[in-house]
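*Asks:* Here is how the chains run, residue by residue.
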Amino acid sequence: MTTSVPPAVSVHGLVKRYGDVLALDYFDLDVRQGEIFGLLGPNGSGKTTAINCILALLTYDAGQVGVFGSPMTPTSYALKRRIGVVPQEVAVFYELTVEENIDYFCSLYVPDRRTRTPMVDEAIAFVGLDDYRRFRPGKLSGGLLRRLNIACGIAHRPDLIFFDEPTVAVDPQSRNAILEGIMTLRDRGTTVVYTSHYMEEVEQICDRILIMDHGRHLALGTAEELKLMIDTGERITVQTLDLTPATLEQVDALPAVIEATYDGQQLDIRCRRGETNLIDILGVLERSGTNIGHLTSRPPSLNDVFLELTGTALRD
Amino acid sequence: MLTTFIAQIKTMLHRPAMIFWALAFPIILATMFHAMFQNIASSYSIEAQPIDIVRDDAWDGLTGAQDLVEALQDADTAVLKATQVPDADAALADLREGRAVGYLAARDGELAFVISDSAATTAESDGAVGITLSIISDAVARYNDTAQLGEAVGRYAPEAFLDDSFTGQLGATAGLSEEIRLTRTAPDEPVRYQFALLGMACLMTMTLAIGAISESQPNLSTLGARRCLAPLPKWRILTAGFLAAWLVSACCMSLSFVVIRYVFGVGVAGREPFAFLGIGVATFMASSLGSLIGALPKLGVGPKVGISTGMTCLLSLFAGLYGQPAMQLGDMIQRELPLLADINPVRQVSQLFHDILYYDSLQPFVRTAALLAVMSIVFLAIAALMLRRQRYEHL
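Read top to bottom, the protein sequences are chains U and W. For the first sequence, this note's numbering begins at 21 and goes up steadily by one. For the second sequence, this note's numbering begins at 104 and goes up steadily by one.
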């Protein structure tokens with residue numbers, strides 16, 4: 021006999037309206053326990069609204085939200101105790117020290133001081149703020165502040181943590197430390213819902229990724245699965261100074277080419293999946309006598325997936 | 104709830120702007136009032152002046168002159184320090200040397216009061232010297248009037264002296280004004296300013312509650328949203344914030360009161376425990392009003408603090424904080440529109456201290472405290488309704 025493990029988060033048919041604006045349009049989501057789940061979408065796509073509905077910070081017009089198999093409501097205190105949130109903005113008291121802040125936010129979940137103290141120490145060590153215990157947030161750098169923000173959200177050892185763009189405006193070293201920390205949490209069995217605009221981060225740490233736009237679910241899968249869902253199979257870049265418009269037209273006319281652009285120095289070609297794309301393109305260039313400086317070919321990235329699914333039009 | 108309470112207190116104590124408005128500003132203002140009124144008060148006080156008494160044969164012939172000097176010297180508020188000299192020349196020498204500002208002597212059967220030129224000049228600029236010398240001068244004139252009347256009666260109707268009621272009335276002061284006191288303590292203008300200031304200081308502490316409540320609202324800050332995600336009822340966080348604001352407010356106002364009471368000497372007729380009790384009630388009302396303003400939806404902390412500061416300054420006007428015209432305006436409202444005066448929290452808080460200081464009975468104090476308690480309940484009820492109705496749609 022097997023016992024099915026309920027999803028950490030399950031959202032079905034979620035509808036949320038702000039007046040005439042439809043923020044969530046029958047949105048569905050399932051996050052498995054123990055995974056890092058990436059939630060991607062352009063600005064205004066409905067990510068924050070979806071998370072706030074899941075956390076019962078917002079009411080919604082239709083649909084169901086469940087956390088660990090139970091309905092989530094504003095008074096689901098037992099469920100809330102298992103959830104941690106790391107908001108995008110640093111949300112701490114600037115008048116309290118690092119240690120006092122972490123202790124305070126932990127105390128909202130763990131009232132007993134004796135139980136809480138080792139948790140606070142562990143959170144401080146986890147984010148590497150041991151040397152800054154007595155510092156007030158105003159004295160910390162941007163990276164340290166982000167780490168404090170994370171510590172305040174994880175100190176009570178939640179089973180499910182929402183990270184909302186935790187690496188905004190931090191240097192590469194801090195970003196790397198934060199990402200490694202999140203993967204460590206996952207390795208300990210914590211479920212993570214991660215939103216970010218940095219595609220390489222999402223690709224690096226997320227087990228599964230959901231791309232959403234206009235309040236709707238667009239695609240879901242691992243990074244590799246998502247790449248297979250789009251038309252782009254390969255991106256070829258050719259450095260050349262003497263490409264003629266006629267040759268560009270010939271390249272663009274090849275069956276495998278989706279789009280070819282030339283800026284006077286570099287020819288960018290987005291191709292469909294195919295075995296002979298490179299040979300076909302090189303053939304056209306050779307026949308036209310185009311001199312080639314440097315040539316690269318790379319498979320599609322998550323960024324390509326994102327742009328192809330959500331479009332290239334500027335958002336808010 | 105306890106950790107939220109403690110964290111909230113630490114947070115408030117580390118906010119220089121809040122502490123400035125709640126504590127430093129009232130103390131600075133109280134210091135300014137004290138300096139201002141100290142000069143005014145000293146310029147209208149009575150200071151015993153050095154006066155020579157020319158104790159010659161003529162003086163001894165003046166009935167009651169020595170008694171008058173002793174009365175002026177030994178009264179509760181002495182107006183002169185008498186030095187006996189043998190003759191007028193000695194007195195003039197003392198005047199020249201500055202050892203005396205004037206002298207009393209018997210001249211042509213009357214009492215004469217002579218002051219030096221320098222004393223006359225000083226009296227024009229120094230209110231205390233001027234007032235004291237004019238009192239002595241009035242007493243001398245009254246003595247001479249009575250003596251002349253007695254002499255005239257003796258000359259034309261000596262039988263009148265056989266009537267006891269006449270002789271009793273001859274020396275009586277029925278025609279003069281008599282100081283009586285209706286209140287437990289004599290009214291004092293500086294006290295009114297300092298008590299009005301306490302009213303304003305109390306309302307200034309509203310900002311603490313505004314901060315505490317605003318920071319608990321998810322629609323106003325990420326910090327509020329983060330706190331609302333915690334697995335405990337929102338009212339606990341709000342209550343802890345309110346209690347912390349009340350405690351810090353009460354401490355700030357108590358410190359202001361201690362400075363006014365013990366440094367600047369503004370008394371409360373020995374009823375200090377009631378003053379602290381009043382501070383507890385007053386700051387509870389201020390924290391309640393602060394909670395109400397803090398619960399206003401769609402407004403950030405900055406605008407809310409602005410509203411509270413503007414409200415405090417305006418209400419302080421009707422409590423008479425800004426000078427004589429403001430006091431007259433406040434008194435006029437009290438007479439013509441007593442209900443309006445009753446619902447002015449600044450006036451009621453300052454009234455608490457007036458009640459303690461001036462009334463024999465504590466009933467007025469209890470009445471004012473009860474009024475403030477009712478205000479608190481109304482403010483808290485409205486705040487609770489607003490907080491209860493608020494959803495998180497503004498995230």
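Fair warning: there could be bad hints in the mix.
Which chain U residues face chain W? A few, computed with CB under 7 Å, are given here [what the hints assert, rightly or not]: (1) Val35; (2) Lys100; (3) Ser127.
Listed next, the stretches of chain W that the computed footprint assigns to chain U, with coverage defined by at least 3 CB atoms under 8 Å from CB atoms of chain U [said to hold, decoys possible]: (4) 106-113; (5) 472-480.
The hints are simulated quantities; they were obtained by calculation from the structure and are not laboratory data. Here a beta-carbon is modelled for each residue, glycine too, at the ideal position from N, C-alpha and C.
*Asks:* Hint by hint, note whether the structure agrees.
*Replies:* Okay, the hints, checked on the actual structure:
| no. | hint | result |
| --- | --- | --- |
| 1 | Val35 | violated, 15 Å |
| 2 | Lys100 | holds, 4 Å |
| 3 | Ser127 | holds, 4 Å |
| 4 | 106-113 | holds (count 4) |
| 5 | 472-480 | violated (count 0) |
Violation of the numbered hints given earlier is confined to hints 1 and 5; the remaining hints are satisfied by the structure.
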